[in-house]
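Residue strings, one per chain:
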Amino acid sequence: MPLAEKKIELSISAIREGTVLDHIPGDATFKVAEILHLGHHNGTVSVAANLNSKSMGKKGIIKIEGKFLTQDEVNKIAIVAPDATVNIIENYEVKEKIKVKSPDVVDNVVRCSNPVCMTNNEQINTKFYVVKKDPLKIRCHYCERYMGKDDLEII
Amino acid sequence: MDFKNRDIISINDFSKEELLYTLKVVKQMEIRPSSNLLKGKILATLFFEPSTRTKLSFTSSMNQLSGQVIGFSNANVTSTQKGESLWDTIKMIQQYADVIVIRHSLEGSARLAAEAASIPVINGGDGSNQHPTQTLLDMYTIQKTKGKLDGLHVGFVGDLKYGRTVHSLVMALSHFSPTFYFIAPDELQIPEYYLDELFQKKIKYFKTSDLKRFSKEIDVLYVTRIQKERFPDPVEYEKFKDVYKIDEAFLQHVKKDLKIMHPLPRVGEIDKSVDSTPHAAYFEQAANGIPVRKALLALVLGKIK
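Sequence order for the protein chains is E and P.
Counting along the first sequence from 1, when you hit position 20 you're at 20 in our numbering, and nothing is skipped either side.
Counting along the second sequence from 1, when you hit position 55 you're at 55 in our numbering, and nothing is skipped either side.
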């Protein structure tokens with residue numbers, strides 16, 4: 001293993017049980033952590049951002065001890081990390097790989113960037129339609145405005 | 001085609017067939033202007049934001065079909081002032097009426113109202129998002145004055161950046177293989193995402209700031225007002241307000257059968273001298289608001305199938 005890659009491996013420790021997310025785009029690592037509400041998780045969470053990657057340039061890895069992501073949770077991160085790999089770990093071994101599926105509808109994950117959108121003025125869930133996956137373009141169900149990757153603010 | 005109980009929220013919810021069907025019903029309504037079609041039905045007009053013409057034309061449409069109207073045109077008289085949510089307001093009001101028309105400054109308000117209500121909701125304008133009855137009357141005017149919708153060369157001039165009537169009409173006409181001409185200063189040009197949509201639909205369009213450049217190609221010229229309230233800086237507004245003027249001199253450079261439209265009110269974009277020429281279609285356009293609103297009310301109340 002080349003030295004650079006070995007260093008990546010070492011920078012975050014292995015987990016016994018939980019989920020490892022790999023191949024997160026470099027600039028989306030903290031967005032993924034936000035979407036999954038990892039700030040409220042009780043177990044160990046290791047976040048490594050801006051790691052050098054041959055295929056991606058920069059990438060992120062997140063390891064979550066004691067949490068097994070469901071397909072629903074995995075789909076939520078698709079809008080920012082469509083090519084992430086998700087490994088469910090049991091007893092230090094990969095038990096299952098879950099593929100990220102880009103959803104057609106994004107329910108209550110991001111806020112609408114339009115200040116005069118109804119969703120920013122009354123307590124209702126947001127809903128967006130995915131118009132284009134790459135580069136990301138989503139349309140608000142309520143105000144019909146389009147948003148791109150740079151406009152995303154996680155709820 | 002069954003429109004019973006359907007909400008009319010956005011022109012983007014209409015398929016080509018639904019647009020054509022609606023326009024057919026509008027024509028019926030124009031030929032037979034009054035009847036007892038909506039006798040015993042009540043329309044609630046919820047105007048959280050003032051709009052004289054939309055409210056009056058809905059009221060007149062309902063009355064001409066023997067229906068009744070309740071409502072308000074000032075949010076200050078409602079429980080909204082007491083902090084009631086729109087959701088709750090709609091849940092209450094739907095008990096008193098058969099159909100709702102709502103105008104509200106927040107974008108997406110009509111969509112939310114439709115989700116709250118079990119009776120049909122018609123959007124009378126939600127901020128700068130959608131105003132579908134305006135778009136339908138624009139479509140009807142084009143169809144009526146040009147005899148067709150397909151393959152027309154349509155120019156848009158003025159504030160194409162913020163003008164919701166322009167955005168909605170562009171999307172609706174996209175079903176009919178048009179060629180578009182967007183005439184505006186760079187600062188007020190049509191937003192990129194509409195051009196993206198047109199590109200994907202393989203619709204031909206041209207962008208220019210020169211009103212005369214394509215004037216000999218255009219069949220319908222849709223003129224909009226440069227809106228003062230859109231400019232935080234009055235100096236910027238002064239720079240743009242008189243940039244395009246449709247007057248008799250300009251009419252020397254257009255097709256003989258060009259039709260000029262405007263959602264009104266106009267300020268100085270179209271000179272009064274144009275009114276008496278065969279090009280002017282804007283007053284007829286405004287009058288078409290009545291048959292369009294009648295048609296929609298009758299459709300969503302299930303009185304026409």
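Please keep in mind that the hints were generated in silico from the structure rather than gathered at the bench.
Hints should not be assumed to be uniformly reliable.
Partial list, derived from the structure: chain E residues whose beta carbon lies under 10 Å from chain P [stated by the list, open to error]:
1) Ser13
2) Arg16
3) Glu122
Distance windows between CB atoms, simulated [unchecked claim]:
4) P:Tyr193 - E:Asp104: 14 to 20 Å
5) P:Asp196 - E:Phe30: 36 to 42 Å
6) E:His41 - P:Tyr193: 35 to 41 Å
7) E:His41 - P:Lys204: 37 to 43 Å
8) E:Lys133 - P:Glu84: 38 to 44 Å
9) P:Gln200 - E:Gly26: 54 to 60 Å
10) P:Ser209 - E:Gly43: 56 to 62 Å
11) E:His40 - P:Lys204: 38 to 44 Å
12) P:Thr277 - E:Asp134: 49 to 55 Å
13) P:Pro50 - E:Phe68: 53 to 59 Å
14) P:Asp242 - E:Gly26: 46 to 52 Å
15) E:Asp104 - P:Glu84: 32 to 38 Å
16) P:Tyr193 - E:Gly43: 54 to 60 Å
Even for Gly, the Cβ is constructed at its ideal location relative to N, Cα and C.
Worksheet entry | Violated hints, by number in ascending order, as checked against the structure | Numbers 1, 2, 5, 7, 9, 11 and 16, in rising order.
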